[in-house]
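K.L.:
Read off the chains here:
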Amino acid sequence: MAAVIPDPLDHHHHHTPSGLMRWLTTTNHKDIGTMYLIFSFVMFLSGGVMALTIRAELFQPGLQVVQPEFFNQLTTMHGLVMVFGAIMPAFVGFANWQIPLMIGASDMAFARMNNWSFWLLPPAAILLLGSFFVPGGATAAGWTLYAPLSVQMGMGMDFAIFAIHIMGLSSIMGAINIVVTILNMRAPGMTMMKMPLFCWTWLITAYLLIAVMPVLAGAVTMILTDRHFGTSFFNAAGGGDPVMYQHIFWFFGHPEVYIMILPAFGIVSQIIPAFARKPLFGYASMVYATASIAILSFVVWAHHMFTTGMPATGQLFFMYATMLIAVPTGVKVFNWVATMWRGSLSFEPPMLWATGFIFVFTMGGFTGLICAIAPIDIQVQDTYYVVAHFHYVLVAGSLFALFAGAYYWLPKWTGHMPSERLGKLHFWCSLVFFNVTFFPMHFLGLAGMPRRIPDYALQFADFNALASVGAFGFGLSQLIFLAAVVKCVRGGKPAPAKPWDGAEGLEWTVPSPAPYHTFEDAPLVK
Amino acid sequence: MSETLERYFVPEPSRFPIFGSIALLLFGAGAALWVNQVKAGPWIFFLGIAILIYMLFGWFGQVVRESQGGKYGTRVDASFRWSMGWFIFSEVMFFAAFFGALFYVRALAVPALSSGENEALLWQGYNGAWPNAGPRALDTAAVEPFTPMGAWGIPAINTLILLTSGATLTWAHYGLLKDKRGQLKLGLLLTILLGAIFLGFQAYEYVHAYGELNLRLDTGIYGSTFFMLTGFHGLHVTVGAIMLTVMLCRAVAGHFNAQHHFGFEAAAWYWHFVDVVWLILFVVVYWL
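Residue numbers (our numbering), protein chains in the order written: chain U, 1 to 526; chain L, 1001 to 1288.
These are computed hints drawn from the structure, not numbers from a lab.
Possibly wrong hints are sitting among the right ones.
What the hints assert, rightly or not - Not everything, but these chain U residues come out facing chain L in the computed CB check (under 10 Å): (1) D107; (2) N114; (3) L121; (4) F159; (5) I172; (6) M213; (7) H228; (8) F229; (9) F251; (10) E520; (11) A522.
As the list claims (entries may be wrong) - Derived list of chain L stretches under chain U, where covered just means 3 residues or more per stretch with a C-beta under 8 Å from a C-beta of chain U: (12) 1006-1016; (13) 1026-1032; (14) 1079-1087; (15) 1134-1146; (16) 1216-1223.
For glycine and all other residues, C-beta sits at the position ideal for the given N, C-alpha and C.
Generate coordinates for the entire structure from the input sequences, incorporating the hints supplied.
P.N.:
And the structure:
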C-alpha cells in the first residue's frame, strides 16, 4: 500500500470556491463529514441544555424552574434532537470522513447528493427547534409521538412532522450513498471480508436506515392526516386504533436504536485492536453478529409495548426474540475482550473511551435484557429504570464510542495530536458524572418513579438531587471536549501519517492531515 | 475487480443542493402553517415548490449533460444501478407502512372493536364486516352511510391499462436495444398516454366516490386506507409518468444508445414498481 501523494497540479478541481460558498456547494466528503460533525455537536449542546433544564426542575420535588407543559416539550425535544440531530448525524459524519479513506475511494459515490443529505439537516433543525416559538410551543407528545396525544397537539407537532420528513429524506439519501460507496468504490483487492469493521457496521446500518426511515415517514404522515384531513388511522371511533401507531412506530423505532449503536460497535472494533496491538479477534464472527443483530431488530419491536396490550403468545414471542439479541451482542463483547487478552495494551484517550464503552454499554445491555422479560417489564415500563437503561446504551454506548472515534481520528483530520491530558480528563469526568447521573435512576425506577413527570413524591428526592448534580457535572465535562478539539484544530504536536503504532488500514497510509483529495487513483490492497 | 480502475467521476461543487434545502425548508414550514390556517402558509409552500422545481430541472439537467458528455464510465453506471434499486426498496417500505395499517385494522382493530366486551359495553350492534367506517357510523343521523368502491368497473380496467403500459414500455426498451428509434419513441408515448388515461380514470373515480358513493377521506378507516393508498399510488404514477416524459424528450433529442441508457432503465424500473404496487392495491383494497 503505497502512500498517495497529493497531485500538485490538482487540475480537476480548480473551481473550488472559497469562504461560505465552499461549504454550501462542496462535493468533498471530508468537508461534508466535518459539517456533519460540527452540526451534530451543536445539536448535542442544544439537546444537552434541554436535559439540564429537565434535571434542574427535578433537583427538588415541586415545581420551581419550568411549567409542566414546557417540561413535557423539553423531554420530547431532548429526545428528538439527540436522536435525529446529534447521534445519527455524528455517525454519518464519521462515515463521510472515514469510509472513502478506509476502502480507498476517491470520494462518496454521489458527491453532490452527499452535500444535499447534509444541508437538509439545518432546515430540519430550524423547523424542529423553531417549533418552540409557534403558538402552543413545541410538541409535548414524547419523542415517540404516540397517538392520540400527538393527534391532539398544537402547531408545533406539524413542524415536528415536517422536520422528521426532511431528516428522513436526508437519512435515506445518506444511507443509499454509503451502501453504493461500499459496494462499488472499494479499491482493487479490498474484498468485502477485508473491509475494516467500521465499514461493515455502516453498510448494515445503512440497510436498516433504507428499510425503516420510510416507515417512520408513513407513520407521521398518518398522524398529519389524522390531525388535519379527517382520517381515522389512530381513532377507534372511525375503526382505527391508537395501538396501531405504536406498532408502526416501533417497527421503525427498534431498528433505529441499532442504527445508533452498530456504527459505535464499528468504531470500537477499530480502536481496540489498534491499542491492543493485535488483530481483531473473530473478524468474521463480528460481521455475522452485526448482521444477526440487524435482522433480529425487525422482529422485536413489540417489547416496547408489553403493557399496551397483546396476547400472551405475542408477549412470549417478543420476549424470547429480544433475548436472542443478547447472543450476537455477547459475541461482540467477548471478541473485544479477547482482542485485549494478552495484548500490549496502552490507554491513550481513544482506548480509554473504548474500554469505558465496553464496561458501561454492557451494563446498559444487561438492563436491556431485564426489560426484555415481560413480567418484569410490566413493572418497570415508563419508569426511570427504562430511562436509566436507554441512557446507558445511548450515552455510554453511542456517545462514548463517538468520543473514542473522535480522539482516534482527530490526528488524521487536523494533522495535530489531541491533548492527551484533556482527553483523559474528559474521559474520567464523563465516566464518573455519567454514572452519578444515571445509576441512581435504576433505583428510582425500581422504586416506582414514573418518567416524563416534572414533579415527584418526596421519597425520590435524594436520588434525584444526586442525578441532577451528576447531570450538570456531565454537561460541563463536555466543554473539555470542545476545548480539546479547538486546541487540536488550532495547533499542537504534528501528527505523523500513522499516529497510533498498532493502527491498521488505508486511512493511515495518507499524510496527516489527510489531503483534500485522496485515492484519486485507487490503491492496490494486497 | 480489475487491477487498474478508471478514475471515478467526482462532480464540481454545486449550488443545486442548497437550493433544494431552502426549497424543502419553505415547503415544510409553509405546509405546517397552511394546515393550521395561517394565511402566509400556502404562499411559502408554493414558493418552496417553485424553488424545488427549479432545482430539479437544473440538477437533473446537469446530470443529463454530464452523461451525454461521457463523464460517467462503467463504475458510475454501476452506482446508479445500485442506488435506483435501493431507492425503490425505500419506496416499497413507505407503502409497506400503509399496507401494514390496512392489514392491521382489517385483521385486528376492527374485529376487536366489534367483538366481546367492546361490542357488548361500548358499541352495541357494531358489525365489524369490511368495508367499515368504524363504530361512530352506527349513529346514522350524524354519519351518512357510504357505498364501498367496487373492483370490477374502472379499477379492473385500470389494472388492464397499467399491465398494458408495462408491455408497451418493454416494447420500447426492445426498440432501444435493437436501435429502432421509432419503436422506442412510440412505445414511450403509448406508455405515457396509458399512464395519463389511468390517472384520468382515477380522478373520475374519486369524483364518483365523493359525489355518488359518499365515500370520502374522512369515511372512517375504510376511507382513510382507500384514499391514502390509492392517493399515494396515484402520486407515484404521476412521478413515473413525468420521468417517462423526460425520457421521451431525451429519446427525441437523440440521447441513449443500445449500450448506454440507464436513465431510461431507471424510469422503467420505477414504472414497473408502480405497476406491482397497483396489483397489490387492486387485490387487497378493491377486490378482497
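K.L.:
All the hints need checking, so say for each whether the structure fits it.
P.N.:
Checked hints:
no. : hint      : in the structure
1   : D107      : holds, 5 Å
2   : N114      : holds, 9 Å
3   : L121      : holds, 9 Å
4   : F159      : holds, 5 Å
5   : I172      : holds, 5 Å
6   : M213      : holds, 7 Å
7   : H228      : holds, 4 Å
8   : F229      : holds, 6 Å
9   : F251      : holds, 8 Å
10  : E520      : holds, 6 Å
11  : A522      : holds, 5 Å
12  : 1006-1016 : holds (count 9)
13  : 1026-1032 : holds (count 5)
14  : 1079-1087 : holds (count 5)
15  : 1134-1146 : holds (count 3)
16  : 1216-1223 : holds (count 7)
Every hint, counting from the list given before, is met by this structure.
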